[in-house]
Amino acid sequence: MPLHAWFMDLANSPLGHVMQTSRWGFAVVEMVHLLGLAILGGSVLVVDLRLLGVILKGESARVLGRDLGRLLIGSLMVMVMSGIAMLSEEAGKCYYSPAFRLKMALLAAAVLFYFTLHRRALLRTERGTPTLWTRIAAIISLALWLGVGVAGRAIGLL
Amino acid sequence: MPVLQHFCQILYNSGFGTMLRESNNAFSVIESIHVLSITLVFGTIAVLDLRMLGIILRPIAVTRIARGVFPITWTGFAISFATGFLLFWAEAAKSYYNPAFRTKLILLALVGLNPLIFHTTVYRRVNEWEALHIAPWRARAAAIASLTLWSGVIIAGRAIAYF
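The listed protein sequences derive, respectively, from chains U and G.
Read in the working numbering, the first sequence has 18 at position 18, and its numbers run on one by one without any break.
Read in the working numbering, the second sequence has 307 at position 149, and its numbers run on one by one without any break.
It should be emphasised that the hints constitute simulated quantities derived from the structure, not laboratory data.
Only a predicted model underlies this, so the values are computations on that prediction, with no experimental measurement involved.
Cβ atoms here follow ideal geometry from the backbone N, Cα and C, with glycine treated the same way.
Each hint should be verified, as a subset may be incorrect.
[Claimed, not checked] Computed footprint of chain U on chain G; a stretch qualifies when at least three of its residues, placed anywhere within it, have a C-beta under 8 Å from a C-beta of chain U:
1) 186–198
2) 219–230
[To be verified] Per the computed footprint, the stretches of chain U lying under chain G, defined by three or more beta-carbons under 8 Å from a beta-carbon of chain G, are:
3) 43–49
4) 145–156
Looking at chain G on its own, in the form it has when it is part of the complex (with noise of 0.2 Å):
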């Protein structure tokens, strides 16, 4: 068995793991409060990217936005992980074969890189265009990508359910 699957066996069959599998409201609870927090994490995020792409906000510098929404955004992702994890934890010899919740995890990969390459680019030299009604077009293709990115995280997520 490879090492994956038998870390994910070993998650399932755990006194917490079935417990949360098998537990009336828990689960749902969890689910509800992952769910709503893709308005903290996806919804800001959104909200720089549109910013990024001169669709919102253009009197406001792209920096003010960031420095605003990212104490929200990473509040948000903190919640996000913590409660999918649990998630995951009561179903994960499941969602170990579960191709909805292996494109998220790639999906999720993919929007991490991102802001990585984001941030040691263009967004070095952000105090030259930060005050640009539009963003340069590496910027903007950054925030093309992420919208583009969160919302497959949002739909692969939500399609680990039908498998």
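Extracted from the complex, chain U is given alone in its bound form (with noise of 0.2 Å):
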């Protein structure tokens, strides 16, 4: 797969040349990732403390995984969008960094096991007591997506 060819096109293109030359571009841009982050990290909180059993027991999980799963869907998009913009702007810096690396394969997990298993454990919740299943479930997603949000945290350090 040419990957690194295509790093190299995202670096080299429109949007590339203004991240890379604009002196508020990239800042601007990170701000908006944040904003991403906190909506996201908080409707991925409440879903898992749910299916926990921590929090909001008494409510259906049901409806919680389906309107906090829109909002988490919502800013994930953001989160794409400006996570593409800040790449363009160092894309060839990042594609040799392990932090990075790392970041892209655990969201790959995250989003994969959202869409399938975490899926099927908040249907098997519903307004029932949470089984070792579903926490499971829960355990698995919060570490996943903490574990996004710390590789790319380091992106910036390492």
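Starting from two chains that each stand alone, build the complex the way the hints lay out.
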């Protein structure tokens, strides 16, 4: 897969050019990325704490999962788009960054898990008390998303 | 020298402040925890605000969501405040002059005032409207103010590093 060539194309694209030369471009996109993070993190947290049986125990897990799922998808789109813009500023560096690679792997795992086993756990819980399996699903989900965040923070530090 | 500036200088010059500032990892680790704790604070507040605006979770009463998320919000706030104060300790003398830092403090004061007003007015009669799919206009106004101000806090907070 010509992955490296794609990264270089992104860096040389008009978007990359704007991000690399403008004084405030990166800062503004980073702020949008952080706002997306807050919303995404909040919706993951509330749903998974419900699955764990820590909060909102009396409420339908299905309703929480559906509505907060929309919020999660919406904020994920904002984060992916702002993320691509940030990537275009330093694509060459990110390609070789272990933190960036780890973040992408964890993100893929988190999204895949969200649409498969996590969804099944939500439907199974509905109004009932959480079982061992739904609890494990919630912990895996929290760990994966936290990992995405920590690895993301590390891109700028390593 | 103004009292506040003097205070900032004392913090900045202290052994602990200097240690944090000159450390290789401590500052970055604290900063990362500070950044990630916004999910606990703003993320949960946004869920409640969006419920009052009638955008999400309409079948669930406002008070039930508030009771559910507040412990997380306050935990997050305690983490943000503690880590934020450590970051300030390390850079206090610079923070004093930083326009983004000053803006952030003003926004934080306003964002604290908002629930104070909200809780002493329209929220006192929340049992009359908690089940409504869309909250009364004063509650919606508070929700919009909260979303705007918290976004401002995050934006100003990120801008601190650019000044």
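So, going through the hints one by one against the coordinates:
no., hint, verdict
1, 186–198, "holds (count 7)"
2, 219–230, "holds (count 6)"
3, 43–49, "holds (count 5)"
4, 145–156, "holds (count 5)"
Every hint, counting from the list given before, is met by this structure.
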